[in-house]
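Peer 1: Taken in sequence, the protein lines are chains A and B. Just so you know, we're using our numbering here: the first sequence kicks off at 1 and counts up by one. Just so you know, we're using our numbering here: the second sequence kicks off at 1 and counts up by one.
These are computed hints drawn from the structure, not numbers from a lab. Treat the hints with care, as some may be off.
[Unchecked claim] Pairs of lysine-lysine residues, derived as DSS-like cross-links and limited to a Cα-Cα distance of at most 30 Å, are as follows:
| no. | chain 1 | residue 1 | chain 2 | residue 2 |
| --- | --- | --- | --- | --- |
| 1 | A | Lys151 | A | Lys182 |
| 2 | B | Lys298 | A | Lys125 |
| 3 | A | Lys125 | A | Lys182 |
| 4 | B | Lys152 | A | Lys122 |
| 5 | A | Lys205 | B | Lys106 |
| 6 | A | Lys125 | B | Lys11 |
| 7 | A | Lys11 | B | Lys207 |
| 8 | B | Lys78 | A | Lys193 |
| 9 | A | Lys6 | B | Lys11 |
| 10 | A | Lys59 | B | Lys152 |
| 11 | A | Lys13 | B | Lys108 |
| 12 | B | Lys293 | B | Lys78 |
| 13 | B | Lys106 | B | Lys14 |
| 14 | A | Lys6 | B | Lys106 |
| 15 | B | Lys207 | A | Lys6 |
| 16 | A | Lys284 | B | Lys108 |
| 17 | B | Lys207 | A | Lys182 |
| 18 | B | Lys106 | B | Lys297 |
| 19 | A | Lys13 | B | Lys152 |
| 20 | A | Lys182 | A | Lys193 |
| 21 | B | Lys152 | A | Lys7 |
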Amino acid sequence: MKMKTKKTNVKIKEMIFYSVIFIILVVYVVALCSLLVWAVMTSFKEQFDFRINIIGLPKKWVWNYTFVYNNFFVEIATESGTRPVYMVEQFYNTILYAVGCAFINTFVTCTVAYLCALFPYKFSKFIYSLVLVVMIIPIYGTTAPTILMAKRMQIYDTIWGQWIMKAHFLGLPYLIFYNTFKGMSQELSEAAKIDGASNLTIYLKILFPLAGSTFLTFFIMSLIGFWNDYSVPLYFMPSKPTVALALLDFSNTTELGLNTIPMRMTGAVLVLIPILIVFLIFNKRLMGNATIGGIKE
Amino acid sequence: MLKNKTSLKAKNRKDLIYYCLMMALPVLQFCVFWIGVNINAILLAFQKYDFYTNTYTWDIIGCMKEAFETIGSIEGFKWKNSIIIYLVGLVVSTPLTLFFSYYIAKQKIGTSCFKVFLYLPNVISGVVFSTIWIFFAERAIPTYLDKLLNIKIDGLIENVDTRFMAILLFGMFTGFGGGVLMYSNAMSAISPDIIEAANLDGATGIKEFWYITLPLIYPTLSIMIATGVGGIFLSDIGLYLYFGGGAPAEMQTFSYMIMVDTLAAEHPGDYAKLASIGLITTFVVAPMVFGAKYLFKKFGPSTVD
Numbered sequence: 001m002k003m004k005t006k007k008t009n010v011k012i013k014e015m016i017f018y019s020v021i022f023i024i025l026v027v028y029v030v031a032l033c034s035l036l037v038w039a040v041m042t043s044f045k046e047q048f049d050f051r052i053n054i055i056g057l058p059k060k061w062v063w064n065y066t067f068v069y070n071n072f073f074v075e076i077a078t079e080s081g082t083r084p085v086y087m088v089e090q091f092y093n094t095i096l097y098a099v100g101c102a103f104i105n106t107f108v109t110c111t112v113a114y115l116c117a118l119f120p121y122k123f124s125k126f127i128y129s130l131v132l133v134v135m136i137i138p139i140y141g142t143t144a145p146t147i148l149m150a151k152r153m154q155i156y157d158t159i160w161g162q163w164i165m166k167a168h169f170l171g172l173p174y175l176i177f178y179n180t181f182k183g184m185s186q187e188l189s190e191a192a193k194i195d196g197a198s199n200l201t202i203y204l205k206i207l208f209p210l211a212g213s214t215f216l217t218f219f220i221m222s223l224i225g226f227w228n229d230y231s232v233p234l235y236f237m238p239s240k241p242t243v244a245l246a247l248l249d250f251s252n253t254t255e256l257g258l259n260t261i262p263m264r265m266t267g268a269v270l271v272l273i274p275i276l277i278v279f280l281i282f283n284k285r286l287m288g289n290a291t292i293g294g295i296k297e
Numbered sequence: 001m002l003k004n005k006t007s008l009k010a011k012n013r014k015d016l017i018y019y020c021l022m023m024a025l026p027v028l029q030f031c032v033f034w035i036g037v038n039i040n041a042i043l044l045a046f047q048k049y050d051f052y053t054n055t056y057t058w059d060i061i062g063c064m065k066e067a068f069e070t071i072g073s074i075e076g077f078k079w080k081n082s083i084i085i086y087l088v089g090l091v092v093s094t095p096l097t098l099f100f101s102y103y104i105a106k107q108k109i110g111t112s113c114f115k116v117f118l119y120l121p122n123v124i125s126g127v128v129f130s131t132i133w134i135f136f137a138e139r140a141i142p143t144y145l146d147k148l149l150n151i152k153i154d155g156l157i158e159n160v161d162t163r164f165m166a167i168l169l170f171g172m173f174t175g176f177g178g179g180v181l182m183y184s185n186a187m188s189a190i191s192p193d194i195i196e197a198a199n200l201d202g203a204t205g206i207k208e209f210w211y212i213t214l215p216l217i218y219p220t221l222s223i224m225i226a227t228g229v230g231g232i233f234l235s236d237i238g239l240y241l242y243f244g245g246g247a248p249a250e251m252q253t254f255s256y257m258i259m260v261d262t263l264a265a266e267h268p269g270d271y272a273k274l275a276s277i278g279l280i281t282t283f284v285v286a287p288m289v290f291g292a293k294y295l296f297k298k299f300g301p302s303t304v305d
């Protein structure tokens, strides 16, 4: 009888524990949804409607997106004065920056990890240890020297300069790619070697496709990171504003017609939509595949 | 036999040439943009820029003195803000992240939905969130409170008393995602046999979390907390996103101050001063991080009897 009561008490405590966390998570989800739904709703309002109806549905649904897309600009300094950069160009800069940096960074990391995993030279071990050491050592305050170096190398304020700067192999993805290539069966590549295939052909046509899933996962994660990044464009590409950097300017704009809250919410939603679509398509891959010490789902 | 040896040598030479060619560019990039940048940062930290001759001159003691004076002259409240941000992250955010991760690792009700929403802020740009939050906190929250609970308050961002906490807590609110994913995956990797044995011994719920799960994910947790010690200097609640270069003085942090100074840097002398401050920061933070790692290793739970 005592045992039964004890077991029941434990079960009740467990239920309370999980219930409390459940309630907190529900509140979290509701709060996050309210924020995003409010932003989207506000983006469909006129300024007057917003003033008298801050939290309700729009009294009259207005399509602000075309106006913001066509009219919002950021002014950049040029040799001859200033020049406006509209959203078309901002998206163009963002796609070049995000896709280019994500692809180059992921490809270089994958390639170096493949070389270290499948070519057991001493240098490979050195590279592996180097990556671990760099991950552990905290180094701060290198932004200013990096800007200076970029200016000296004439790659400052260029998107291709960022491609070069992101062509490194440091970080966690290296370790995951390394384990991926180490765990691959070498039968296919050995058979290809016997047939006379070169190392490069084996890598590009056999091994790289086998690591394709991991590559795609890290590419998408990097793409999202670079798309949302405002600090690197702010420091290194001031005259090539990306949408994230431009939105920072938009929050404080005084341009007539654009300086209202509905317009600012429209701008925010415009920047949000492309990456939200990517997330909705690839969310299982993003949340399930690349792990640290966890199992794959 | 000789033919085989020769062809093996040729093959090995081919592999080595291929390896060297493929490694060349990434290694060169590393040498320039990691080794080169860090060496440049160290050298720059000990040089002053002479505006008359447009050259850098060595002045080790002068540079360090100036950097220490700059750090020493930083108002106390900036350090206080940095420490508050770090402590809120450590004391509030980390435990909540662990509890959420445990819930998700246990695949309880609504796990799939919660996982998506916890990770969503990682996908949405900080600029988007700050843009929405400024106006939501200023207009929508006071309106909601007024209409639903008849409570009248000022906008949370304009109000001097509430803006720091409003921005800090929002940063925490949107910062769970990466940690939850990482910890929940680490918790999922715990052997089911251990969990089963613990459950048979009556350790479920909180007891399982405290006595089994936490010790087994301790390596992951300790690394995150130890490396986060540097957050005292780096912690920032995204002030630049909300205020640009003009954040109210009482809200500023050390990290924000460095960011604004870096953006405002025009002359080579400015970069040298920032490099000096960065070097001192590294020499302060690195021992703190290694020390924290050592302490966690020494005093943490052992999974080996």
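Peer 1: Among the hints numbered above, which are violated by the structure, and what are their numbers in rising order?
Peer 2: 1, 4, 5, 8, 9, 13, 17, 19, 21
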